[in-house]
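Use these hints to put chains B and C onto chain A, whose structure you have.
Protein chains in written order, with the numbering used here: chain A, 1 to 321; chain B, 322 to 611; chain C, 612 to 881.
By construction, these hints were calculated from the structure, which means they are not laboratory data. Computed from a predicted model, the values in this text were never measured in an experiment. The beta-carbon is built from N, C-alpha and C at its ideal position, and this holds for glycine as well. Watch out, some of these pointers could steer you wrong.
Unchecked claim - Quick partial rundown of chain C residues pointing at chain A, CB under 7 angstroms, derived from the structure:
| # | residue |
| --- | --- |
| 1 | M719 |
| 2 | F727 |
| 3 | S730 |
| 4 | G738 |
One-letter residues, chain by chain:
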Amino acid sequence: MTAASTSRGSLRRRGIFGPNLADRAFRLGTFLFASAVLALICLLAYQLVHASRPALRQFGWSFISKSAWDPVHGSFGVLFAIYGTALTSLLALALAVPIGLGAAIFLAELAPRRLRELLSFLIELLAAVPSIVYGLWGVFVLVPVLRPVEVWLGAHLGFLPFFQGAPYGIGVLAASVILSIMVLPYITAVSREVIQAVPVTQREAAYSLGATRWETIRGPVLRAARSGIIGAIILALGRAVGETMAVTMVIGNRAEIPTSFFSPAYTLASLVANEFAEATGELHIAALIGAALVLLVLTIFINAIARLLIWRVTGGHRRVR
Amino acid sequence: MTAVRHHHSSVRRARRRLANTLMWVLATLSALAALVPLGFVLYYIAAQGLPALNLDFFTHVPRPVGEPGGGMANAIVGTIILIALASLVGLPIGLLGGIYLAEFGANRFAGIIRFAADVLSGVPSIVIGIFVYALVVVPMHRFSALAGGVALGIMMIPTVMRTSEELIRLVPASLREAALSLGATHPRTVFKVVLLAARAGVVTGVLLAIARIAGETAPLLFTAFGSNLWSARLDQPIASLPVQIFTYAIAPYDNWHAQAWAGALVLVAMILILSAAARYATRGRLRTVL
Amino acid sequence: MLGDPQGHNDLPRADQRFSLAEKFVIRSLGFYYGRFQALRGINLTIRERQITALIGPSGCGKSTFLRSLNRMNDIIEGARTEGTVLLDEEDIYQPEIDVVALRRRVGMVFQRPNPFPMSIFDNIAFGPRIHGLAPGMELGDLVERSLQRAALWQEVKDKLRESALSLSGGQQQRLCIARVLAVDPEVVLMDEPCSALDPISTLRIEELMDELKESYTIVIVTHNMQQAARVSQETGFFLTGELIEFGPSEMIFTHPHDRRTEAYITGRFG
Chain A
1 MTAASTSRGS LRRRGIFGPN LADRAFRLGT FLFASAVLAL ICLLAYQLVH ASRPALRQFG
61 WSFISKSAWD PVHGSFGVLF AIYGTALTSL LALALAVPIG LGAAIFLAEL APRRLRELLS
121 FLIELLAAVP SIVYGLWGVF VLVPVLRPVE VWLGAHLGFL PFFQGAPYGI GVLAASVILS
181 IMVLPYITAV SREVIQAVPV TQREAAYSLG ATRWETIRGP VLRAARSGII GAIILALGRA
241 VGETMAVTMV IGNRAEIPTS FFSPAYTLAS LVANEFAEAT GELHIAALIG AALVLLVLTI
301 FINAIARLLI WRVTGGHRRV R
Chain B
322 MTAVRHHHSS VRRARRRLAN TLMWVLATLS ALAALVPLGF VLYYIAAQGL PALNLDFFTH
382 VPRPVGEPGG GMANAIVGTI ILIALASLVG LPIGLLGGIY LAEFGANRFA GIIRFAADVL
442 SGVPSIVIGI FVYALVVVPM HRFSALAGGV ALGIMMIPTV MRTSEELIRL VPASLREAAL
502 SLGATHPRTV FKVVLLAARA GVVTGVLLAI ARIAGETAPL LFTAFGSNLW SARLDQPIAS
562 LPVQIFTYAI APYDNWHAQA WAGALVLVAM ILILSAAARY ATRGRLRTVL
Chain C
612 MLGDPQGHND LPRADQRFSL AEKFVIRSLG FYYGRFQALR GINLTIRERQ ITALIGPSGC
672 GKSTFLRSLN RMNDIIEGAR TEGTVLLDEE DIYQPEIDVV ALRRRVGMVF QRPNPFPMSI
732 FDNIAFGPRI HGLAPGMELG DLVERSLQRA ALWQEVKDKL RESALSLSGG QQQRLCIARV
792 LAVDPEVVLM DEPCSALDPI STLRIEELMD ELKESYTIVI VTHNMQQAAR VSQETGFFLT
852 GELIEFGPSE MIFTHPHDRR TEAYITGRFG
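Only chain A is shown next, with the shape it has when bound in the complex (with noise of 0.2 angstroms):
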């Protein structure tokens, strides 16, 4: 009785500060952390529209729908930051997927074990290089590069209106490329896992039929990765699209919609970027943050393709960004 209830007592919590308190607090405590990137999402996107109201307002939907950029008779249309937007990051993937899907089936399928690690090591160097700093590689290396080239294309190509007007060197054909440069390895990097991914008996099966190399991996093996595969491409369309810096040194900056590679243009980041420091007036600010809201709006919808197909052919948790 007695050794009952000693132990009892010195069960029983001490105060009202207990271990259990402790718990709830840790639980509410990290929960409310948590919470906060949810209310920073909500809050960003609220601040967008209320800030961006009057120039949507004043123009409805002709604010995308019209290609205007007029700060001093207050005329606003993003249209042809949508343009320059898409242009370019869909020329960049033109140009990066090709290379980055290559260098992936070389890294998965055919390169030793040590070379791939190196190998991939050294294109994921790529994703580490800031911006900026290929903003300022390409206007003074890749622009008076690319001039020759543009002559040369104009001079070959130029019966295609993409190829003609003046070979600035800068605009729409400079960004993209450097737009490519740097989407580069994280196709190449998630095509790679997700080709890695493929389990050897699909490729065995195919051997076993006396398949080739490349047969093997046309067939079974690109098959099994194609929706990964899609997801990476779609996820670099994401990044490119929200690209600044670098898009902003070599895009030319001007408020036309692009009618050949050679144009210079906006993108709808480049545009805020660009004007931002210097808006004046608040329906020109609006505009630019209507603009700012757009690419919101556009890489987030792109975002969420990109995981929903990286996510299912994984099967769930795959770190990507």
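Showing chains B and C alone in chain A's frame:
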């Protein structure tokens, strides 16, 4: 009949072999092509940046336009200050949020938070800059280091949160059970035992997050803004390496261009050292992609 | 003399056995994974159009041996083969041999069914397409014939365009067999084809094997001795990389010559 069939099949076989070889060649070329820009960029950074690096660069502030000399000392210090501020904002939310997801994260709300973190990591940095402009700069009526720190801190959150959650989950249950069975409370278990076990990975995550924000320019353009003076005040604009590089690069002065290259060299070196330190912290034990 | 549970006291007829030609002649075959020697001095003859079973405890090298017959070991890093393997009197390890053509003639079915993530039709058609065996209209017929030979046609004829992964385990394995048959091989190697399947599917595949041996040479690796005794005409017993004994199945399973074979068969180890 068999002779024709045999000929046809050996032609086909040759064609298949050719296709296979072609694939090898193209794939190898692609891998090399992927490396060419890297070499190109690194070479120019070194070739243009090294000559402009001198003691002045690290000890002096920018000189007025036209005057030779000067450096980016204030920008380097500014970047360090901004990183410190960003960590104050980003680490607590990221780490504690990651702990929440790892320890209590099986419910639907946790799923929403993870989704929000994913969305946040995809938001372009310029949009975050605009957001913090509206949130901090406008009420304060001035650009400030604080605003810059907040912007960079927000960008750190998703990375730190994700890595923390993953690593804490990796800590074996047996370790937790040992602590709990000794009478430790949940928070004590996490902070004293689990985090200790996961610390290498958490450090890596933090270093990688810092490496990423160290090079960011866009979010600082409208928050910390930039400056040519020494400044350590939180409520004033502050110089930073990326913004300084940008300002010099778009200006028409050659010696500023040279300094921009030097700045780029220092910045890239900083980032590479941070990334190397991050990998060193978990040598071989964990691989995080990019 | 060991017991003869099934009462097969009569030896197989000599003319029946030796009239079958030699398909594979293996001499002094050795195989190394890096430094480790997995196979040692294997001498063996596999006759055509019969079922040859290879038995032995785990890790004894029987699967490695099987894979040497279609050079699937080539894809392993650090693998080295020595000795000769003659297929119809041609050494398949000579440098001028076209491995791709070899693997068409010597097909393989694996332990776990491994259908491609494609439709049933595309799975079967994969081989014929790359080898150019049935251009245009003939492809459909070839797919049908292969599925019939694998005793799967009736079950899938209405859903050829559906994913192969929607089939049950036993059906998937028969699909893999059909896939091999579609490239018109001479030999079908089977690496424990039924170990991942339920008893009923196993029985169906054993019946299938019995039919197939009329047209193809079959070599099967199996853990299941009863299965080996049931289906095969000749059996080889492997132990730690060596071929201990090889002969008519009835003899191996009723009165083996080697003490170790006897120990394995009576379940004393393995």
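Results for each hint:
1. M719: It holds, given that the least Cβ distance between M719 (chain C) and chain A is near 4 angstroms, below 7 angstroms.
2. F727: 4 angstroms, holds
3. S730: Violated, about 11 angstroms.
4. G738: Hint holds; G738 (chain C) Cβ to chain A Cβ min 4 angstroms, cut 7 angstroms.
In this structure, the one hint that does not hold is number 3.
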